[in-house]
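K.L.:
Residues per chain are reported as follows:
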Amino acid sequence: MDERDIHGLIADVRTGRLSRRAFTRIMLGLGVTGPLAAQMLDAAGVAAQSKTDGFAPTRRGGGGQLKVLWWQAPTLLNPHFAVGTKDQDGSRVFYEPLAAFDPEGNLFPILALEIPTLENGGVARDGKSVVWKLKRGVSWHDGKPFTADDLVFNWEYAADPATAAITITTYRDIERVEKLDSHTVRLVFKNPTPFWFDAFCGARGMIVPKHLFQAFKGDKSREAPTNLKPVGTGPYRFVDFRPGDLVRGELNPGYHVQNRPFFDQFEMKGGGDAASAAQAVLQTGEYDFAWNLQVADDILKRREQGGKGHVEIATGGGIEHIQLNNTDPWKEVDGERSSIKTTHPFLTDSAVRSALNVLVDRGAIHEELYGRLGQATPNFLNGPPRFRSPNLKWEFGVDRANQILDGGGWRRGADGVRAKDGKRLKVVFQTSINPERQKAQTIVKQACARAGIEVELKSVVASAFFSSDVANPDTYTKFYSDIQMYNVGPGAPDPQTFMSNFTSAEICSKENKWARRNTTRWRNDEYDRLWKAAESEMDPVKRAALFIRMNDMLTQNVVVIPIVWRNSVAGVSNRLKGNDLSGWDSYLWRLAYWYRQS
Amino acid sequence: MYKYFLRRTLILIPVLFGISAVLFTILVMAPGDPFEELATNPNVPPEVRMNLRAKFGLDDPLPVRYARWVASMMRGDWGFSFVSRVNVDTLILQRLPTTLVVLGSAQLLAILVAIPIGTYSALRPYSIFDQIATTLAFIGFSLPTFFTGLLFILLLSIHLDWLPFIYRSDISGTGWRWYWEHIRQAIMPVAVLGLAQAASMTRFMRAAVLDVIRLDYVNTARAKGLSEGVTLVKHVVRNALIPVVTLVAIQIPTIFGGAIVTEQIFRVPGIGSLLITSILANDTPVVMAVTFIFSILVLVSSLAADMLYAWLDPRISYR
Numbered sequence: 001m002d003e004r005d006i007h008g009l010i011a012d013v014r015t016g017r018l019s020r021r022a023f024t025r026i027m028l029g030l031g032v033t034g035p036l037a038a039q040m041l042d043a044a045g046v047a048a049q050s051k052t053d054g055f056a057p058t059r060r061g062g063g064g065q066l067k068v069l070w071w072q073a074p075t076l077l078n079p080h081f082a083v084g085t086k087d088q089d090g091s092r093v094f095y096e097p098l099a100a101f102d103p104e105g106n107l108f109p110i111l112a113l114e115i116p117t118l119e120n121g122g123v124a125r126d127g128k129s130v131v132w133k134l135k136r137g138v139s140w141h142d143g144k145p146f147t148a149d150d151l152v153f154n155w156e157y158a159a160d161p162a163t164a165a166i167t168i169t170t171y172r173d174i175e176r177v178e179k180l181d182s183h184t185v186r187l188v189f190k191n192p193t194p195f196w197f198d199a200f201c202g203a204r205g206m207i208v209p210k211h212l213f214q215a216f217k218g219d220k221s222r223e224a225p226t227n228l229k230p231v232g233t234g235p236y237r238f239v240d241f242r243p244g245d246l247v248r249g250e251l252n253p254g255y256h257v258q259n260r261p262f263f264d265q266f267e268m269k270g271g272g273d274a275a276s277a278a279q280a281v282l283q284t285g286e287y288d289f290a291w292n293l294q295v296a297d298d299i300l301k302r303r304e305q306g307g308k309g310h311v312e313i314a315t316g317g318g319i320e321h322i323q324l325n326n327t328d329p330w331k332e333v334d335g336e337r338s339s340i341k342t343t344h345p346f347l348t349d350s351a352v353r354s355a356l357n358v359l360v361d362r363g364a365i366h367e368e369l370y371g372r373l374g375q376a377t378p379n380f381l382n383g384p385p386r387f388r389s390p391n392l393k394w395e396f397g398v399d400r401a402n403q404i405l406d407g408g409g410w411r412r413g414a415d416g417v418r419a420k421d422g423k424r425l426k427v428v429f430q431t432s433i434n435p436e437r438q439k440a441q442t443i444v445k446q447a448c449a450r451a452g453i454e455v456e457l458k459s460v461v462a463s464a465f466f467s468s469d470v471a472n473p474d475t476y477t478k479f480y481s482d483i484q485m486y487n488v489g490p491g492a493p494d495p496q497t498f499m500s501n502f503t504s505a506e507i508c509s510k511e512n513k514w515a516r517r518n519t520t521r522w523r524n525d526e527y528d529r530l531w532k533a534a535e536s537e538m539d540p541v542k543r544a545a546l547f548i549r550m551n552d553m554l555t556q557n558v559v560v561i562p563i564v565w566r567n568s569v570a571g572v573s574n575r576l577k578g579n580d581l582s583g584w585d586s587y588l589w590r591l592a593y594w595y596r597q598s
Numbered sequence: 001m002y003k004y005f006l007r008r009t010l011i012l013i014p015v016l017f018g019i020s021a022v023l024f025t026i027l028v029m030a031p032g033d034p035f036e037e038l039a040t041n042p043n044v045p046p047e048v049r050m051n052l053r054a055k056f057g058l059d060d061p062l063p064v065r066y067a068r069w070v071a072s073m074m075r076g077d078w079g080f081s082f083v084s085r086v087n088v089d090t091l092i093l094q095r096l097p098t099t100l101v102v103l104g105s106a107q108l109l110a111i112l113v114a115i116p117i118g119t120y121s122a123l124r125p126y127s128i129f130d131q132i133a134t135t136l137a138f139i140g141f142s143l144p145t146f147f148t149g150l151l152f153i154l155l156l157s158i159h160l161d162w163l164p165f166i167y168r169s170d171i172s173g174t175g176w177r178w179y180w181e182h183i184r185q186a187i188m189p190v191a192v193l194g195l196a197q198a199a200s201m202t203r204f205m206r207a208a209v210l211d212v213i214r215l216d217y218v219n220t221a222r223a224k225g226l227s228e229g230v231t232l233v234k235h236v237v238r239n240a241l242i243p244v245v246t247l248v249a250i251q252i253p254t255i256f257g258g259a260i261v262t263e264q265i266f267r268v269p270g271i272g273s274l275l276i277t278s279i280l281a282n283d284t285p286v287v288m289a290v291t292f293i294f295s296i297l298v299l300v301s302s303l304a305a306d307m308l309y310a311w312l313d314p315r316i317s318y319r
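Protein chains in written order, with the numbering used here: chain C, 1 to 598; chain S, 1 to 319.
Quick caveat, the hints were computed from the structure, so don't treat them as lab data. There's no promise every hint is true.
Unchecked claim - To be clear about the criterion: a stretch of chain C counts as covered by chain S if any three or more of its residues have a C-beta under 8 angstroms from a C-beta of chain S, and this derived list gives those stretches:
| id | stretch |
| --- | --- |
| 1 | 100-106 |
| 2 | 119-127 |
| 3 | 153-166 |
| 4 | 221-232 |
| 5 | 257-271 |
| 6 | 278-292 |
| 7 | 504-518 |
Predicted model, so just to flag it, every value in this text is computed and none were measured. Note that CB positions come from ideal geometry on N, CA and C, so glycine has one too.
So here's chain S without its partners, still in its complex pose:
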């Protein structure tokens, strides 16, 4: 087990190098530079822009720039943003909590919605409830988040005027009011992300429960005289959750992907919106750092999924 873990971790290193090289090359080869806005400003002569490019090392050849990036990365230096001239790690740390809060609550919402609905659907397959749940689930994962986001804004903010659609990280006030304002503004982004997640998770839960509920040990449990509730929670759901838990782990990077769009729509100041603005501004160090974090996340969560699977199901062992 530990050997397996060690081996997988070691493999991560060359993979990360490969990913960073590809990312860096693509970013550097993309057109534009962070000082694009100066181009049409007549008061800034082009040589100022050229000097800035040279000063920030944008004119050096690709291999040199990549080597420099790797070298400083090794020292734990993420570089600084060309646009805000702030260290990249500061920028990311500033925004990470917001992203984690929004994504965490979205994930929680997804689990709270998906597990009961999926289980209940499986207990009464093809009932009216199951039909409705299935339809909604299909609608849920066929609609992209940017579309549901806009629909929510139109309905809840503009027509009904119930919720704000601009997310503020600086809500004033203390105590209950502070929490209430935070919850109010988080409802829409969390719902958009969480419900999209819940849709696919419901289907998985339903399938997993259907698989388990027919097994002999469930009948045994019932035959022992256990109540239906105990059978369900202790024997059915617990076993059915094994594939769902791994699914959640594997899906974490996908959620981050969805968050990028959702953050932009609701102006949530998280790392997703940081990524978008940095891409638009050609701010290579920031784009590089955020995408690199995302790729680490993908690798780590797939590793975590594997490990978790083995831990939850003792029948599986890695060598």
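Bound conformation, chain C alone:
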């Protein structure tokens, strides 16, 4: 066996024809050690995520129909217009990014030949450019070749404000996308960009064909017929789409991974509700897969006894947390409450903050309300794993809270509520309407009552709470209450924008129409500095350390009280395999590899 043969084998591993394990076994047979074999693969850009679960089909198709249920139906199939995950998922059947994010948040090549790294020179040392090599021989469903021109076009298309693309943020900070040759592009950034894998990667990075969209860039974007009849590179070709109801596809005979996909037809049915979707997969087996089963865990467990399917969990970075208002929500200054010119009468007292921190019974909330759908956590930033702080623990203790408050000089009044300098410890606690949230509110309220803090609960309809309506006083960005609770996550496997939620520049105010991220209105120079440093730090280890430090500052200063690190949950038929769900990408990131066990 000479060098060329080994390169051939490596290429086979890359295309999925040969498993990583089989390659290592061959190498062992030649006297090459396991780690060295792994290194060979890594050097060749075959990332370690190249997973295989032993299913090696010898031909495409033959799997019949795959029926999946998305209880919120896709309403459009242009990935650049996708508002929510449902639209991204609908598009993902037909369109693909250069690389997907695996369950650990690492890159997995799809349309890219290899993943650029600092080591292989793909990523520039200064972080201002990255070179992507594209897989050759990939063609669009209409037979036209997929080339570097398509990437250049996607950048132009999405970055044009007139197109009204949701993906504009992903692409507008790219200075230019250069075509180096027909299958190589260089992305040049305006600033050093450690998160260079935002563009063209994951759910926000799907690539649309230039030849069908170039006439519809800018104001005419809505008129493109391809918006409704996608032509992509994905494992399934478009058959039919009814917004809000149905997406259908059929096997793409020219798919760029050998012997994939397994199914001949694909059907995504939408509508209805999560509970009955769980029934259709877990209990009656009418469908093979159900998206995002936001149903109480005990109900899911009961449904699983039907024996047709089970629940699979994707771990992302969603965090259900309580925020403490640093400004006074009850005093109006220049026409706004919670103005940055005020300070909160007692929530800025560290004794009160620490007491509240130990009064949130994360264990109870996790076990009684979320079950497998989440886990109690002391951290605000929980994923990807390399950014998770190992330094903290959470605790719950009413006695401990009482001790802290006594020490802080807060004395109980005749009504059992503590007060100091004429200020009573009474907080208004707001959240959106949702059964789990109201139960969690009650758990917190009861513990607080035992520590002498009076809590008034307020729940706002989700559509009002999360609206950007400037006239509405109940939005979460206005934060006209003392504490509030909701779920937020980094979305992408990079926490840079996520952690900007606490920088001074992002403070919500009337001036910016409350259209910023820092709802707690917390200000800290050191935090700002750390965040700024992370923005251009190219050393992944140092950068992770910066984020861990930021997370620890948030929890130690009790800017927020993290409660439950939430998982997303899918219903999967017991015979459907190969899903390998990722919390960092669409559920369908490995759709080409799904198969049904006979």
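Following the hints, put chain S in place on chain C, whose structure we already have.
P.N.:
Same frame as chain C, now just chain S:
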């Protein structure tokens, strides 16, 4: 008659304007916008959302937005959905056939059940059959459709596993198999809607037949020597049907209302479920169009009921 028809039609125009103004105002004043989902997505900065709002004209004052809507409506342009960026008329036309098939069959089922049962109950009032029919009818119209829908699913789909509870508009297969699959999946939604309708219709039919059967001309018909069957069909039922037919016409909008819920439960891709998802997504143009169609339907069917009444019963004339 024609003058009456013309007058009623002309009155419809200001009424429709009034309805559309009220609908539009309520929708615009409701909280939220179609890009709500972007709020908690950290990768989409708020200004993107603001720009989208501005681009789709969501930030303009209410009168301006309403005027724009009316103006484009006059030109036959229904606008486009903020959520799917598809023209509203395309969306509605895509879903209308399913709704019409389901509602049509439900109505047919209601008539087929209600007329014989109502007539037979009236022929033998307070018999055991009548008692049972009356009880069932009362149960039928006291149970809301969403409840009977869930009961049907639990019993027929989950316990007995006889019928699918997810309605698919894309059944593959041809010939008999295609029809069979369609009938199988339509059984539950049609039964839920049809039986609820049949319940009240049975009571009406029974009352109408009771009124007619005592009249002298029925006795005359019998005295002429006509058989009981002919008397019943040609003289009794025909006359009794007059109020029932008008009732059916007036009830059409109510059926559409019931369809909204039923479509959601069984995932029937009709305009009812389109309305629900659009309301949840704050997709104003679609909500506006669907509710507007419903209100036109109400007005037209009440007009149709009046006209039909006059046509069926020549004793009544409008001036």
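K.L.:
Where does the structure disagree with the numbered hints, that is, which hint numbers, in rising order?
P.N.:
As far as the earlier hints go, 1 and 2 are violated by this structure, in ascending order.
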